[in-house]
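Kindly produce the complete structure, drawing on both the sequences and the hints.
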Amino acid sequence: MVSITSPETILFLYAVIVVAGIILILKLSKDKTRKISTLRLFIQIVAVIAVFMGLLIGPFNQPGSVFAPLGISPRDHLIGANVLGNQFPDGISLPILACYYPNGRTVTCPIWQLQAYIFPFWNFPIGYQVNYSTSGIEKIGIVLGMIVAASVILGRFFCGWICPFGLYQDILTRIRKSARFRHLKFSDSTNAKLGQSRYIIIAVFLLLSVIFASYAIFGTQLIPGTTPGGPQGTEAGIVSYINEPFCLVCPMRPLCLIVETGIGAMSFNYISQITYGPFWTLGMYITSINLSIFIAVTILALAYRRFWCRICPLGGLTAIFSTFTPFKQIALTKLQKNEHKCTKCGVCKRVCPTQATDMFEKKGGDVTESKCMLCARCVEICPYEGALRLEFAGKKMMESRNWLKENTNTEANKND
Amino acid sequence: MLVTRGKTVLTGLAIVFAIALIFLPIYSNTQAQTNITITPNETFSIPENNGSIHFAVNGSCTSATLHNSTWVFTDLKLFNYPSNGTLKFSTENSNITIYSFRTTSQFGRTTSIKYNADGQDKQSINLGLNTTKSTDPSEWLITVPNGGAVVHGLGWKLLPDNTVVLNGLKGNVTVSHFNYNIPTANGPFYVQHSIIIITAAVIAATIAVAVLIKFKVRR
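Chains U and L, in that order, are what the protein sequence lines are.
Just so we're aligned: the first sequence equals residues 1 to 416 in the working numbering.
Just so we're aligned: the second sequence equals residues 417 to 635 in the working numbering.
It should be emphasised that the hints constitute simulated quantities derived from the structure, not laboratory data.
Ideal Cβ placement from N, Cα and C applies to all residues, glycine included.
One or more of the hints may lead you astray.
Stated by the list, open to error - One-sided and incomplete, this derived list gives chain U residues near chain L with beta-carbon spacing under 7 Å:
{"#": "1", "residue": "Gln87"}
{"#": "2", "residue": "Phe88"}
{"#": "3", "residue": "Ile92"}
{"#": "4", "residue": "Gly136"}
{"#": "5", "residue": "Glu138"}
{"#": "6", "residue": "Gly141"}
{"#": "7", "residue": "Val152"}
{"#": "8", "residue": "Pro326"}
{"#": "9", "residue": "Ile330"}
{"#": "10", "residue": "Met397"}
Below is the structure:
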């Protein structure tokens with residue numbers, strides 16, 4: 001008998017709710033101005049549930065409630081791991097902050113993978129509950145391949161519609177709005193510099209990983225204690241605490257750990273273990289930095305819409321493979337502008353969460369830029385029929401429409 | 417006509433009943449196969465090796481026998497986890513506390529045992545994998561406190577009958593077998609590197625389709 005909490009039933013119900021939800025939003029909000037925002041919020045929630053599906057359909061082979069603690073470590077019950085065997089066992093890479101550290105995720109953050117496959121797994125075959133059969137360079141090739149394919153197909157649509165940290169920031173924006181505080185804005189030059197900092201951030205952290213992996217790559221250890229294979233041949237030692245250096249400052253990690261521990265899906269022992277461990281002073285120090293960055297990003301995201309997305313190295317990586325030549329020429333998801341219908345009112349520029357400007361400043365055609373998350377907020381709010389549209393493979397997905405006129409007509413009909 | 421049909425139905429019902437009556441005792445017997453209850457108070461000692469085993473949780477098995485200094489627990493079931501089959505455990509100069517023994521087959525395909533050893537001498541563990549083939553050491557993961565993985569040959573070794581022999585590992589130890597479909601070291605190149613080949617093919621196909629669409633849209 002199929003139980004109500006069996007994975008099959010939950011997946012089926014989930015699919016039904018998703019399809020019904022999308023249909024309802026499209027039908028019920030047919031004449032509403034905020035149709036795209038509602039749809040986007042719904043898809044963001046759906047995506048977060050899909051990314052952490054293990055929380056719903058775990059624990060496996062174990063009687064108990066749906067939200068019973070899954071285990072002490074991220075890999076204890078990881079769906080999506082092992083799908084590709086031990087050539088690539090850490091889960092499929094998607095360009096979203098699907099943090100490596102929580103339980104039950106279905107896909108994996110490529111930033112973690114890129115760093116981890118340089119150090120410590122360049123040629124060290126044993127990870128935490130995993131044995132790699134492929135070399136570091138091969139795994140990096142697979143990660144980059146997945147990012148390129150995903151970026152060419154959907155580009156930064158992942159940031160705007162799917163990334164869990166994007167949803168977190170959108171919730172903060174909604175909280176700010178409900179408190180009736182107006183958001184702050186960076187000057188265009190500061191915003192441009194923030195955008196450029198993404199590439200510096202990813203370059204610095206990957207370079208750090210290469211320095212840590214110097215023994216494996218060049219045969220010379222540049223930093224003491226970075227030779228994989230510590231006591232009893234483990235990867236433990238100082239390396240455990242400086243593995244994946246970006247993750248030690250990424251604001252997504254504390255958010256995931258706090259939420260999962262809060263709902264009882266992760267054991268606090270695991271967090272205390274990675275916080276203290278044998279190098280508890282260093283662990284605590286790193287965790288304090290991580291938490292401070294998370295708090296700082298939260299405050300900044302309350303003040304500035306999608307603050308993190310402006311400096312997110314993963315967003316930068318996706319932008320490289322979707323908005324820079326030669327990928328820009330073949331990217332399938334694009335924001336298009338019809339200059340003949342644009343009146344230069346500037347509302348698109350004002351509502352853009354990341355303060356992108358090309359859709360306002362450029363004359364027409366493809367106005368997708370590296371800052372653009374394809375969230376379609378500008379498309380939604382532009383009051384000129386067909387001035388802006390979101391395209392996929394040359395087909396119109398969403399288009400701006402004259403909602404001012406529609407609203408006036410509706411009001412007029414009501415008055416009649 | 418109706419009478420004949422009624423007789424046929426009755427005969428059919430009688431046959432079904434008879435079959436049920438015959439099979440019920442057999443079924444009941446299967447169900448009633450005596451289970452040995454395991455409690456945390458119980459100790460399974462191995463006097464000749466100066467070792468003992470006990471379980472930290474309640475469980476059951478159909479038989480528990482000491483054979484060649486090895487405890488064999490048939491159909492071992494711990495803490496409501498489904499039965500994993502037979503666990504064979506031997507220890508020397510160490511007291512073992514077993515916390516869990518289970519298989520996750522839905523997605524993980526992992527069989528694992530978690531235990532604590534208070535001495536550093538040898539342990540031999542056979543998880544009763546559902547295979548007669550010898551497994552590859554890379555399918556196994558042995559972790560010690562602090563989450564460290566122990567390299568094959570440096571604290572444990574794998575015997576051809578899939579018995580894991582651990583030496584000098586003290587404290588909380590986890591022995592896991594991941595049932596990956598691992599290509600053998602001698603397998604063809606395309607099998608060993610299938611994922612990167614598929615990834616390259618996917619990128620090539622994506623770019624080809626994207627270029628085609630680009631030309632189509634331009635026209």
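So, going through the hints one by one against the coordinates:
1. Interface hint status for Gln87/U: upheld, as the beta-carbon distance to the closest one in chain L is roughly 4 Å, under 7 Å.
2. Taken as an interface hint, Phe88/U checks out: its beta carbon lies about 5 Å from the nearest beta carbon of chain L, inside 7 Å.
3. Taking 7 Å as the C-beta cut-off, the interface hint given for Ile92/U is violated, the closest approach to chain L being about 10 Å.
4. Given the 7 Å rule on beta carbons, the hint for Gly136/U is violated: about 12 Å separates it from the nearest Cβ of chain L.
5. Residue-level restraint check for Glu138/U holds (minimum Cβ-Cβ distance to chain L is 5 Å; threshold 7 Å).
6. Hint on Gly141/U holds. Least Cβ distance to chain L is approximately 5 Å, under the 7 Å limit.
7. The closest approach between the C-beta of Val152/U and any C-beta of chain L is roughly 5 Å, which is under the 7 Å cut-off, so the hint is satisfied.
8. At a threshold of 7 Å, the smallest CB-CB gap from Pro326/U to chain L is about 9 Å, leaving the interface hint violated.
9. For Ile330/U, the interface hint holds, since its Cβ comes within 7 Å of a Cβ in chain L; the closest pair sits about 4 Å apart.
10. Because the smallest distance between the Cβ of Met397/U and any Cβ of chain L comes to about 14 Å, over 7 Å, the interface hint for this residue is violated.
In this structure, the hints that do not hold are numbers 3, 4, 8, 10, in rising order.
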